[in-house]
Structure formats: C-alpha cells, structure tokens
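Working from the sequences, and respecting the hints, build out all of it.
Chain order of the listed sequences is A and B. When the first sequence is numbered by our numbering, its final residue is 108 and no position is left out of the sequence of numbers. When the second sequence is numbered by our numbering, its final residue is 382 and no position is left out of the sequence of numbers.
Simulated from the structure, these hints should not be mistaken for laboratory data. Honestly, I wouldn't trust all of these hints.
Using C-beta positions, here's what the derived DEER-type ranges look like [said to hold, decoys possible]:
(1) B:Pro172 - A:Asp83: 43 to 51 Å
(2) B:Glu121 - A:Gly62: 32 to 40 Å
(3) B:Glu371 - A:Gly55: 13 to 21 Å
(4) B:Pro337 - A:Ala68: 30 to 38 Å
(5) B:Thr125 - A:Glu96: 42 to 50 Å
(6) B:Pro181 - A:Thr85: 49 to 57 Å
(7) A:Asp83 - B:Pro181: 53 to 61 Å
(8) B:Pro308 - A:Asp83: 49 to 57 Å
(9) B:Pro342 - A:Trp51: 24 to 32 Å
(10) B:Asp245 - A:Asp102: 39 to 47 Å
The beta carbon of each residue, even a glycine, is placed where N, CA and C say it ideally should be.
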Amino acid sequence: MRVREEARSGLEVVLVDIWEGTEPRPEVERFCEMWGIKGPILLDPGLELAGALGVRGVPTNVVVDSDGTIRAFGAARLEELEQAIDELYGRS
Amino acid sequence: MAATGEREDPAFPVGAACRIDSRSPWRQIAEIPVGLDPEGIAVDVKRRRAFVACSRSDFVSVVDLETHGVVREIATGNEPIDIGLDEQTGRVFTADAHSDQVTIIDSAMLEVETTLPVGGYPSGLTHVPEFRRLYVGNSLGSTMSVIDLDTLETIATVDAEPGAGAIGVDPTRRLVICVNFVASSANFYDADSFEEVGRLEFVSPGTCAIGIVPERGEAFIVNSIAGTVSRIDLDAIEVKEEIRTGSAPVGLTMHPSHDRVYVTNRGAGSVSVLGVADGAEWSQIPVGGGPGGVVVDPHDGRILVANAGSQTMSIVEDLLAARPPAPVVEEPNPWIGSKLPTFALEDYWSGEQRTNRDWAEKKYILNFFASW
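And the structure:
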C-alpha cells in the first residue's frame, strides 16, 4: 500500500507502530524484513498519538494536509484511501 | 465509527426491534484483561468458562464467565492462535502456529493433556462433534490435518493452498471447506474421501474466516482486505453476493439461530451484525481495540470477542431481535477537519524523536499498524 500510494500520489506514508504489548523493536524488525519496508516508522508503544486520536483498530490511515489538518480518518480499504488522496489534491 | 441510527421514528419506536427497551441495539457487559495478542476464544458452557488463546503470551487465559476474572493461565506451544472445545471429551485444542502443533488441554483439570504435531504454522482449527473430527489448517504447510477427536490420531493430511487456516464444515452435505489466506481461495472436500470437489478463488486477497448455514446451503467467508463477506452457494460452489462490513474484518461466527452473522472488524474496533437473509449490516457493536476471534456463548447468547490490540476479551450483547428499521450510518470521524495533535515519537530507524514539525507544510499519511 505504502509503495503504491507514494508512487501514485507522492504522499509520504509514515508508519506508526502500536499495540505490540512487548518491546516493539524486535517485532518491527521482523515485520520490516518480512515486507521489505524501508520508509519512516514511528514507535508509539504508550499510545501517545494513537490514544489521543482514539485509534480503535489496525490498519487506520490518517490523511494529513499541509497545514496539519486531518482530512480523512480510517480509510483502510484501498478505494477509500485513494478517494481520500484524490480529495486531498482536489481531484474529485 | 459506524453506528445504527437511533432517531425516534413514530412508525417504529425505539426498542420495538430490541429484546429490551433500549436506545442502543447493543450492551457492553465487560472488557476483561487477558494475555498478549488474544486471537481465539472457546466456551466451556458447563463450567461457565472462556478459554482465550493469547498468541504472544504462549498461554491460554481461562476466564470465569460469572465473575469475569482470569482463573488460570495454561502454557501452550508457541503462538496459540485458534482454539476450540469438544464438549464430549472436555478437551480444548489450540493451534500453536510457531510450534507446528496442537496443544490439548483437559478443561476440567485445566492442565495440558498432550500435544500433537501437525503441518507448518497451524493457524485455524474447527472441531465437528457429528464427525468426531478436528480439522487444522496449516498455513505454511499448505495442508489440512484431520484428527480423530477421541483417539487423537491423525487420519489424513490433505493438500490445501498457501495460507490454509479457517475451516468450515457442512455436516448436511458432508463438505469440508478450507479457506486459504495467502492464495485467497477456498478448497471444498468430500468429508469422507477428502477428495477435492470444488475450488473458489476470490478477487481480493486475505480470506480468513468462515461460517456455514447448512439449511440455506450457504457459507460466509471473510475478505479482510476488501472489507467484505462473500456469500457462497454450497451446491453450486459459487459466490452469490459480497456484503460490506466494517474496516478490515478478520473473524466470523454465526448466531445460534443462523439469522445473523457476527464479524469482527480489526480496523474499526467493532463487530458487524449482518443479516443472513437480507445481507444487510444491521448494526456495529463497539468492542476493544483490534478485535479478531469471536464466539457466541450458547448459555446466554452473549458475544465474546478477543481484542488483539487492547489485550482484552469483550463481552457484549446484541439486543436486536430482527433487522432494525434504520440502516447502519457511517458517521464521519470527529477528528476530520481538526488539527493533528502535536506528537513526539521515537523513529524506529534512527532512535531520534520526531515531531509534527518534521512533516510541516507537507501532505502525508499516518498509517497505524501492528506487526501481528
């Protein structure tokens, strides 16, 4: 999803890891190896950001505009995310 | 989050479609902390206990369904994902994915009785009392193990496809259906000969749970990536309908009356209630974070949900007696249009703190994920 969306829209996709229950680094390392992930990854083991936003599930995508405004929230289905990106760029 | 509309409607007063006079079509009973990454639940109706497979804790939490307390943690193999209980023998079975085995627990003594080797990475199991059989889907082995529930002998190891996991059985048609997550397919076998009698390939990847309604000749299979449930005609072996659910559905169980299906939405923290006859989403019941495994307690009809994210088991009640008059309405998330809260989080690669300022004046996507 990340590669496709970054290539398609130029948007940077920032992964935020939550809910590992244990030390997240080894789990994230395995995850990155398995899926070949290289982009930015933030660790949120204490749910600082996820809790503030009330994230209830994974995956959850939060689309952020250049002024910091949240334009879409959730958008787990590919078509939902693509629609949110189109709206972000005023293409819909 | 989606919610069923609860506005007053003179033609259909609130409560008329509910089992109790309530403004809400559901009721939260409890959310009980268990081990890490709970994925599967089995119910011991006689002893009023739930067995919760906690995959990252490598144990089963035993929950007293009357007091809502954890009474025991029983060590299993590595990464117990799915779980089932055979009432006739009182045995609990866990599919221990990273140990390539099934652990068998004595539900009376709350002790491990023995273990059985199966194929690579078993991630789903189903027991069928009528056949006295346990079926195990081995994801990496691309096989299905068939085990005698009484003698615990492996009767057959049947070729399936990559990601074999969830298994459904139609005792009426004597059909066994193995759902393959990676291949995004389902294999249909004759229950006696284990010969493959049909195969379905799904458009979207991530098929991961199944429920059967023999009297309608139908199966329901979850498509986690598409966010749908496929309605399958078991006689024609073809997809009849795609039913939309909440975000990232992963678990499924049938209501005992077979009039509705419960689907856990890992991406939404909810359970979708889908009507079997009408294929409509009747409601969405909020549960804990990142829900997966789901069962109905036959004793009282309550829904038990394993929440992998919040590391809890939810107990909720579905109060709808039938399809509600108002459909589920998707409500926009209240954060839309607001500023993202300021944050300072550790960068996995560099170990440095990164904040909103690092993405100032850029458009970007935050993708919340968990490695499980």
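Hint by hint, here is what the structure shows:
1. Distance hint for proline 172 (chain B) and aspartate 83 (chain A): a CB-CB separation of about 45 Å, consistent with the stated range 43 to 51 Å.
2. Taking the beta carbon of each, glutamate 121 (chain B) and glycine 62 (chain A) are about 37 Å apart, inside 32 to 40 Å as hinted.
3. Hint check: glutamate 371 (chain B) to glycine 55 (chain A), Cβ distance near 19 Å, so the stated range 13 to 21 Å holds.
4. Distance hint check for proline 337 (chain B) and alanine 68 (chain A): the Cβ-Cβ separation is about 31 Å, which falls inside the suggested range of 30 to 38 Å.
5. With their beta carbons about 43 Å apart, threonine 125 (chain B) and glutamate 96 (chain A) fall inside the hinted range of 42 to 50 Å.
6. In this structure the hint that proline 181 (chain B) and threonine 85 (chain A) lie 49 to 57 Å apart at CB holds, the actual value being about 55 Å.
7. Remark: the range hint 53 to 61 Å for aspartate 83 (chain A) to proline 181 (chain B) is upheld by a beta-carbon distance near 59 Å.
8. Our hint of 49 to 57 Å for proline 308 (chain B) and aspartate 83 (chain A) holds, since their Cβ atoms are close to 54 Å apart.
9. Hint check: proline 342 (chain B) to tryptophan 51 (chain A), Cβ distance near 31 Å, so the stated range 24 to 32 Å holds.
10. For the pair aspartate 245 (chain B) and aspartate 102 (chain A), the beta carbons lie near 42 Å from each other, so the given range of 39 to 47 Å is met.
Of the numbered hints listed earlier, not one is contradicted by the structure.
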